[in-house]
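A.B. asks: Work the whole structure out from these sequences, hints included.
Protein chains: 4
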Amino acid sequence: MSPITRFGISMDSKLLNRFDKLISEQGYSNRSEAFRDLVRDRLVKEEWESEELETVGTITIIYDHHKRELAETIIDHQHHRYDSIISTLHVHLDVHNCLEVLAVKGKAKDIKKIADELISTKGVKHGKLVMTSTGENL
Amino acid sequence: MSPITRFGISMDSKLLNRFDKLISEQGYSNRSEAFRDLVRDRLVKEEWESEELETVGTITIIYDHHKRELAETIIDHQHHRYDSIISTLHVHLDVHNCLEVLAVKGKAKDIKKIADELISTKGVKHGKLVMTSTGENL
Amino acid sequence: MSPITRFGISMDSKLLNRFDKLISEQGYSNRSEAFRDLVRDRLVKEEWESEELETVGTITIIYDHHKRELAETIIDHQHHRYDSIISTLHVHLDVHNCLEVLAVKGKAKDIKKIADELISTKGVKHGKLVMTSTGENL
Amino acid sequence: MSPITRFGISMDSKLLNRFDKLISEQGYSNRSEAFRDLVRDRLVKEEWESEELETVGTITIIYDHHKRELAETIIDHQHHRYDSIISTLHVHLDVHNCLEVLAVKGKAKDIKKIADELISTKGVKHGKLVMTSTGENL
Chain V
30 MSPITRFGIS MDSKLLNRFD KLISEQGYSN RSEAFRDLVR DRLVKEEWES
80 EELETVGTIT IIYDHHKREL AETIIDHQHH RYDSIISTLH VHLDVHNCLE
130 VLAVKGKAKD IKKIADELIS TKGVKHGKLV MTSTGENL
Chain Z
30 MSPITRFGIS MDSKLLNRFD KLISEQGYSN RSEAFRDLVR DRLVKEEWES
80 EELETVGTIT IIYDHHKREL AETIIDHQHH RYDSIISTLH VHLDVHNCLE
130 VLAVKGKAKD IKKIADELIS TKGVKHGKLV MTSTGENL
Chain D
30 MSPITRFGIS MDSKLLNRFD KLISEQGYSN RSEAFRDLVR DRLVKEEWES
80 EELETVGTIT IIYDHHKREL AETIIDHQHH RYDSIISTLH VHLDVHNCLE
130 VLAVKGKAKD IKKIADELIS TKGVKHGKLV MTSTGENL
Chain U
30 MSPITRFGIS MDSKLLNRFD KLISEQGYSN RSEAFRDLVR DRLVKEEWES
80 EELETVGTIT IIYDHHKREL AETIIDHQHH RYDSIISTLH VHLDVHNCLE
130 VLAVKGKAKD IKKIADELIS TKGVKHGKLV MTSTGENL
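Chains V, Z, D and U, in that order, give the protein sequences.
Going by our numbering, the first sequence opens with residue 30, and the numbers climb by one from there.
Going by our numbering, the second sequence opens with residue 30, and the numbers climb by one from there.
Going by our numbering, the third sequence opens with residue 30, and the numbers climb by one from there.
Going by our numbering, the fourth sequence opens with residue 30, and the numbers climb by one from there.
Treat the hints as calculated values from the structure; they're not laboratory data.
Be aware that one or more of the hints could be misleading.
Identical copies go unnamed one by one, so any copy, or any two together, can satisfy a pair.
Claimed, not checked - Distance condition first, Cα-Cα at most 27 Å in a straight line; then the derived BS3-like pairs of lysine-lysine:
no.	residue 1	residue 2
1	LYS96	LYS43
2	LYS96	LYS157
3	LYS151	LYS50
4	LYS141	LYS74
5	LYS151	LYS138
C.D. replies: Below, the structure is given as structure tokens:
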């Protein structure tokens, strides 16, 4: 736990008003926490730009498991990367559609590669990578 | 939250000594909690014997996803029961072996059926059903 | 399964070259699949703009579970919405940091609200909502 | 993939009939698969008796997250063992009750210890350890 620093920021009041309105809608109870979140989000982006850093992400995909051999292909992709993929949450949305969320740890560039492979697989209807962080330096 | 009743139990001291030793090894800090757990475990068994009651279970299976169409079969079994299976946690143990844990809610007999189907599938190396409870009456 | 339509698109060749380069890096084996993904992504955005539609999302958060009562607060938030939250995958990243991914189903506006509440909670270091889809109309 | 050996077994026909009836109810399509499952189950038990072997288990617990600081205690127990716990699936059963399933990898004795700690925690209503396997030698 590092010491807390207090400091001032000057900002166009119109800009600040819009920001205050937004964060109040989002449920923030104070402005400092909202600014800390902005800073942390920027630092996470930085982590991901330096592709060699160890980081954490989640990959969300939606697919129809009835598509020819798709479940096999997806599970195969994942096992070749099993040292990076921590685990996968699978939800059966209906008789056809699956939601899968993978928790992945590794180098930013490797996580991006896994996400690209999965999302570009034919039959995967929708997919998104969340670039987050190990939390260590935030 | 119902009121707490205190009551006495008489027991062969040798039997009690063995029980006290066991629960201390298991980390219980007091004997009443250990007895409450015995009672709750017995009640859960009861819930599962009356097969029509709504209850909760987890099914753990280990399989080799390279076995011909096994991943497809397993995912298929699950989707036909998608209203009972809440979600599935998948862990890639190595290049071949998968651990899957399914959280299932439904009638005791339906959960047993899903477990039987999955565990008896050719290529599933090991499988166990945990019969637990919705927690409502414990 | 609806019938397949083939149709032509005209596009500035420089623009197309850049797109082809990008999708080949992402691992797409053909251009049509990449275009289908663009269209599906646009339709998912639409689903989320109409806030009353039933849809699916995942919320990823990173937090330090040692922060005063944070784990309690987070689990509390989730239980008040337990009819929307299908399940949660929790990964212990290190002694302090947790990764949590929630699979959520419900009206777009309700899912956004859950995400806002969790991400704005003091002590949550980083959080992102993935707006995806039930997959039904994609 | 090792070669397949065929061999004969002699058995009391009454015993065999009961077994055949049981496995047909469980959905086995052939008797050999049912016998293979018996053998594998016995080998898994062996793995767990030799407490130093690396193995895999799942721990299922049901608890009321409103109980004073229980969620904190449970998450704390887990983080002190974060190198063994691969990940946790959490399901909000109702406003009070949680189902948690932990996927755990490590020495048999360490996994048993984690299970004992969690299940004996005051407020945990029900808990069971499934002793399974890495699948490597099955």
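A.B. asks: Please go over all the hints and tell whether each is borne out by the structure.
C.D. replies: Verification of the hints:
In this assembly of identical chains, LYS96 and LYS43 lie within 27 Å of each other by CA distance neither inside one copy nor across copies; the values are 52 Å within and 34 Å between. Taking CA atoms no more than 27 Å apart as the test, LYS96 paired with LYS157 passes inside one copy only; the shortest distance there is 20 Å, against 29 Å between copies. Taking CA atoms no more than 27 Å apart as the test, LYS151 paired with LYS50 passes between copies only; the shortest distance there is 18 Å, against 42 Å inside one copy. In this assembly of identical chains, the alpha carbons of LYS141 and LYS74 lie at most 27 Å apart whether taken from the same copy (13 Å) or from different copies (22 Å).
Proximity of LYS151 and LYS138 under a CA criterion of 27 Å is satisfied intra-copy only: 22 Å inside one chain copy versus 30 Å between copies.
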